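**Student:** The listed protein sequences correspond, in order, to chains C and U. By full-length UniProt numbering, the letter at position 315 of the first sequence is numbered 315, and the numbering carries on one by one without gaps. By full-length UniProt numbering, the letter at position 469 of the second sequence is numbered 469, and the numbering carries on one by one without gaps.
Worth flagging that the hints you see were computed from the coordinates, not collected in a lab. Mixed in with the good hints, there may be bad ones.
As the list claims (entries may be wrong) - DSSO-like, lysine-lysine: derived pairs with alpha carbons at most 27 Å apart:
1) U:249 with C:247
2) U:249 with U:44
3) C:247 with U:452
4) U:127 with U:150
5) U:148 with C:123
Stated by the list, open to error - Interface residues of chain U toward chain C, partial, derived using beta-carbon atoms under 10 Å:
6) 40
7) 96
8) 108
9) 240
10) 242
Note that the structure is predicted; figures quoted are calculated from it, not measured. By construction, the Cβ of each residue, glycine as well, lies at the ideal position given by its N, Cα and C atoms.
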Amino acid sequence: MLKLIGSRLATAVPSLIGVVIVTFLLTRVLPGDTAAYFAGPAATPQAIAEIRTKLGLDKPLPAQFLDYVTALAKGDLGSSLSTGQPVATEIRNRLPASAELTLAGLILALLIAIPYGIAAAVKQGTWVDHSCRILTTAGVSLPVFFTGLLLVYVFYFKLGWAPAPLGRLDAFASPPPEVTGFYLIDSLIAGDFETFRASAAQLVIPAVTLAIFALAPIARMTRASMLAVLSSEFVRTARAAGLTPYKVIIVYAFRNAMLPVITTLGMVFSFLLGANVLVEKVFAWPGIGSYAVEALITSDFAPVQGFVLAMAVLYIVLNLLIDIAYGVIDPRARSEA
Amino acid sequence: MHGVIDPAIAGALAPAEAPHGPLLSVRDLTVEFSTRKGIVQAVKNVDLTVAKGETVGIVGESGSGKSVTSYTVMRILDRAGRIAEGSIVFSGLDLAYAPERQMRDLRGREMSMIFQNPRAALNPIRKVGHQIGDVLLHHLQAQPSNVKEKVIDILNQVRIARPEERYHAYPFELSGGMCQRIVIALALACRPQLMIADEPTTGLDVTTQKAVMDLVTELTRARGMSTILITHDLGLAATYCDTVMVMEKGRVVETAPAERIFRDPQHPYTRKLMRATPRPGITLRDLLPEGEAPAAPAEGAAVRAAEGAGTPLLKVENLVKEYPRQGAPVAMLAALFGKAPPKEDGIFRAVDGLSFEVKKGESVGLVGESGCGKSTTSTIVMRLIDASSGKITFDGADIGAIPAKEFAHHPIRKRIQMVFQDPTESLNPRYTASRAIADPLLRMAGMSGGAKLRAKVEELAAMVGLPGDLLDRFPHQLSGGQKARVGIARAIALNPDLVILDEPTAALDVSVQAVVLNLLEELKQTLGMSYLFVSHDLHVVKLLCDRVIVMRHGRMVEEGASDQVLEAPKDAYTRELIAAIPHPPV
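Isolated chain U, as found in the complex (with noise of 0.2 Å):
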């Protein structure tokens, strides 16, 4: 064959080679890792069956094998990794034995790959139109002289709004779901027959995520294609597979059409996984495993909390924010120069306007996508940075006023905690839990080390559910809910009365969200703290949150009791927000 091949009749040329059975057929798979500690095996006898024009999703928690095993049907395992034993037949080709020039060959025109976080997987100095062309010309699907025409007839397909101009742009100058869908436009170049997501819309927010779905969904369709849709959200597999397939631990613990898993789930495993998902209508308890309840809040706890329930002990009012668009170092080059900086008049405003309160023993919610301004109000209060203008009141004081870089030294800093949204990157990693649990009681409370300092530390752990034997263990060495509790241990040690929580469970396994969600209750409970509780996913907001503030480009559009907000928002905002968010459907 040579000269470019007609798509169609490449797309009518390969299922003649295999006419009736599955397009891709995986039987007894496993794969092994060898590692420092020997080998390690992250599948195991792994059986999957993709029909033609079928969607199936592998579903399961991390490290469950699910990447692993699509990376194998790729053959784009790293260096470490081999197959053990077991077949991969795609397309009547047994593809783990497969000479590299084939698997080559097959990649990109017949399976292909779209990943999570679009914009690394883009080459960041190249055009994307060039990134797209190379797929093209690589496998002849164009030629030099047509390859950019043909480019722009694909980012039209993948809806990429002024496609020839996007055509010269460079992955930085893109938002995330346009780059994912410069990565689907990639994948779907050359009319693959299989396409393989790994949790595709990861890291998106929920409208963009949406959005991204359909179009990948439509496209597929109209292509008659099969998709391998991988992701730990249930919701999403419910919403776009026809077959779901459920991970744990490199196994297939149950495999059934999309409707009956959710339905009737048959493997404990994915009774635990369906539970743990936050939905519409069910309460915190209804999130943990069944008979696994936690103990109601010691008696006479809620003391501190009934004291001044419904007192403001944060007021916010006409908070502003304001940063210059123009580059810093130009700035700073003028000022060099004795010129007082450009003025612009795109001065980008992140907060404009906002007020809000929370009260004592409250737990408020703050929601919206990334880019709202949430974020950067969670830092005004917490005054780690400076507001343009705006009162911030604190318990009648007017933190506000105080400067940031002063802040770290005023005694309100001890009543005031922050819960971070990565639990790895937010401990230091050369410090223990118990030190990094320490670490405010050294520096605010004014204990220094010794048995005293160690009992408080074990309380705290003992509080959090951190079991006694890891509180020497280093950040590297526990798994990410446990890491998660020595933040929240870390939050509490000083017995505040206000804990921001920035995401706390968004790279959390929802198993282990729902275990710490859970626990922030119930600490909240016995400590009568008061939560501001910053997230983009309103289904969790709404089971730990009182109250619910939704955020868009910096200012207020809907404010309410939770689940009035959920349930009848008045906000035609909110309603689309709400409504693309997946969800199983029970």
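So that you can see chain C by itself, here it is in the shape it has in the complex (with noise of 0.2 Å):
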């Protein structure tokens, strides 16, 4: 199991110099003079240049690359143009905020996905089925930002049963001692359950919202596996043993059929860091996501390569647990480690 994590982890170390290489390229070939735009619309070309040579940005590529990298070694993002702040020290503040909201997403897709798709394979071809494969063609075709707005608009606007849609809390309320950064989970250990139900109100519409949107590709790969496994011969000779269709199901169908299910998960999840720009957006969440877009808008380099540095580091951790997840599972992928 050791020498499993160890080769992932010594294989996700090409892909994290590759990202760093990659995002510094990126945000130079992007269109838009940082130090123009820096300037002001009204400075006159010296003030420009001043500023390019301020920024280092007349050094050639090579020379700004070392320092990008020797500044990284160090732990230092560089600072945001705009805000004058640390992008670490952003990124370390608004990360959690982001995280509680992928996750809520992703947990809840997870809770409806999983026991709709094991349901619509057993009962294959009946309205189970039916309405599973409606509500995941629904899923993939609407984009967050329209079920966002719309699921605000009825709950919100409509029905009045969910909070204004303005970030983690209400603007009266004060966020609980910082332990891991969750407010959920912050609040629980301080004991303060009006701040709790107070977040949780706050994160019920978005992380729906990015739910319906997880929920689609994972029920369709469980209903997909769930139908491959229970055709195969080893579902066969549990029946045929009279095994109790609970234990077939769930002991030896269900177990199998996660395995494909969890590689997805890791796809999912890119796809959900991907909306959770637009989700943030919507909700005015103060995530990374939210503060990546405005730093691009404004061709603000540091944040920019902050945040795709951070969420590669992200998912590869996610696939590096997506990977033990699947040595836990499956024998022969320990064995083959």
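Mind docking these for me? Both chains are given alone in their own frames, and the hints should help you get the complex.
**Tutor:** Put into structure tokens, the structure is as follows:
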């Protein structure tokens, strides 16, 4: 098992190096002159040139890259030009907000999609199966900003059940003392149930928005892989041995069907990271997605690079977790390592 | 009833319900499947009786309905199938209309099943001990506190060595024969009264087959169980069954005691099957139905063979193929960090110093059990993979020196062709039969489309007996035998000198196998080709080959004229191999 983790970590190193290079180059080829933008519309060419020198943008690309990597090695992601704040601090402050939202969405999606997918496969061709198909088609075809706005319209504007979609907590509440950065967990640690309720209320609609988007691929994959496993020979053996449907479906079929679903989860998570950017905009969520979009619009290199790097690390960690989960479930994967 | 039921009591109780009469009595059973093309009757008016302690064989070719019959008895048909008519009475209970809950109780405890392809029949990610334990616990034959003990006891009974260790094994860690023992253990765990074995040894080596069948017979006899053995192999049925029922296209054509059905088959279909089964002391012609002997080869056709007869065409000297025992990913990772891949002492030699010769116009059989290196050898001779060392000479040219990657474009490539084991898998599903046959002509003979190509394809199809109107069909629209013919036509399209036949009939029914083997012999006579025939079945090899090489662990254990090797084997292993092949008593 340790060997498996070690070998997966080792393969992550080249991808990380690649990400560092690509993000650096990508931010350099994006349209827009940072210095000109920063100097403002009325600046003289001298002023722009001065700023350019100050930012080190007049150096050749390899030299700029060297500067970037040296700083990165010290944990310095640079500073945002528009806010002046160090990027590392900003990301540290904003990442929990995004992570809380994404994970809540993902867990919600899993809780709905997996039982639904199993039910659709077991009751193939019945109304359960058809309703699953309708739900998943809707899930993939509705963009998140649309479902997000629709939910806000219905549950906040029309029904008034949900609080105003303005961030993680309403303006009158104060955040719980920080332990994990996740308001739901921190408020429980602090024993502050009022804040817990308030932050949960804020979280529900954006999390549901993400969940609707994420559950489609998970449910489809669960259904397809359950169907394949249910028609396999070992399930027939289990049935011929008289085992109960529960044991056959859960212990024999589902554990095997889980393997491709876990692989899909990695992809779903990366889709969610993308979708997150839009959802954070719609719900004024103070996460790193909205931070990165603002930085991108103003050609602010450092936050964009920091964001992409943070996402890449997150994605690699997640894939590592998936591989470990795979190894736990499948003895064959363990022995291959 | 609660708690653990003593198996002895359970066994004593059940027969009391029906003191007289058979254990299982199927009457007038018809099973229908709803398919896209409408309702298909897979089994029609089948009667089957199994007495206590009796072993009944159901014999038939693919599509005869033999498996469907047994699945219906267990009531594990898939969703599309249903019982249209008939009754299934099992120790006094009518199973045809029994509720599912009652069936679940019976399955595993009173009737159980073992399957073809034992590895697939086991849950790949659950320890085998737990899988057996599941059945024991479900049928209240054990309690969580003593389940492991009971499972180990059962593993002992099916002769699994080191059962405490194997309890924790996963199916992929066990050999095929061992997996089948686990499946048998699973089926026998609750001491059922009836066991249905559906092709239990297909895909296993003959010696493993014998060990598994002997074990099943011994265990079922000791428990006084009844067995239904479903097989396509008449030899197996003859050796292990009391009564044999022959099925064709969903109907029973003949039922008789095993002894009588082989001595005196009544139905023409039974006779045809009997004839098609390879057995000692016959020739290829004997496999075909009476009065269907193929026409003698055309005059003067064997000229090419006669011309160079006796001169060596293929010469293999000291062939070695080594594989590292370690998994490739780790070696790759080591390479990534600039380390040399760790040198393991355990290098696995798939082929270990093999030398042999194939003369012009000669057929040589390469025989052995799985893992003996016969397929590796044929793949190296075909130059699809490189040997670790050794020399391969083809008609004077050292083809072993040509890297496998370049051989595809080498002029000699045209002269060596291959027919593969699985006729379905070896055809491109998106190519029509004529496109598949034309493939080598387009690639290696420089022909382009048009009337000339079509004429050549039609000529080849006629040679292998493939009707011209089938040429525009896709593989899924052809039968197994027709696909085999396409594969053969493709191999002979370029008029090769050497054809490598890798178990070309292993996936075919015996009657189709008989026809294909005769076709191969006829083509050899007509075209003067040499064959390198790779097979695990000595009887089949003997029919087609002049000479046979018996392999084990990558080495040759015996070589000689086919008749000689089969009738007077010198090596102990060859003797064991021959003795393990079951055959009808004719």
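**Student:** Tell me if the straight-line CA distance from residue 249 (chain U) to residue 44 (chain U) falls inside 27 Å.
**Tutor:** holds, 9 Å
**Student:** Does residue 40 (chain U) pass the interface hint, meaning its C-beta sits closer than 10 Å to a C-beta of chain C?
**Tutor:** Status violated, d = 19 Å.
**Student:** For the pair supplied as a hint, residue 148 (chain U) and residue 123 (chain C), is the alpha-carbon distance within the 27 Å limit?
**Tutor:** Violated, at about 35 Å.
**Student:** Take the shortest C-beta to C-beta distance between residue 96 (chain U) and chain C; is it under 10 Å?
**Tutor:** At 17 Å from the nearest chain C Cβ, residue 96 (chain U) fails the 10 Å test, so the hint is violated.
**Student:** Take the C-alpha atoms of residue 249 (chain U) and residue 247 (chain C), compute the straight-line distance between them, and say whether it is at most 27 Å.
**Tutor:** At roughly 36 Å apart (the allowed maximum being 27 Å), residue 247 (chain C) and residue 249 (chain U) break the hint.
**Student:** Close enough to count: is the Cβ of residue 240 (chain U) nearer than 10 Å to one in chain C?
**Tutor:** At about 21 Å, which exceeds the 10 Å cut-off, the nearest Cβ of chain C leaves the hint on residue 240 (chain U) violated.
**Student:** Does the nearest C-beta of chain C fall within a distance shorter than 10 Å of the C-beta of residue 242 (chain U)?
**Tutor:** With a closest approach of 23 Å, the residue 242 (chain U) hint is violated.
**Student:** Regarding the hint that residue 108 (chain U) lies at the interface with chain C, is the smallest CB-CB distance below 10 Å?
**Tutor:** holds, 3 Å
**Student:** Please work out if residue 247 (chain C) and residue 452 (chain U) have their alpha carbons no farther apart than 27 Å.
**Tutor:** violated, 62 Å
**Student:** Quick one, are residue 127 (chain U) and residue 150 (chain U) close enough, alpha carbons at most 27 Å?
**Tutor:** Holds, at about 15 Å.
Comparing the model with each earlier hint shows violations of hints 1, 3, 5, 6, 7, 9, 10; every other hint is respected.
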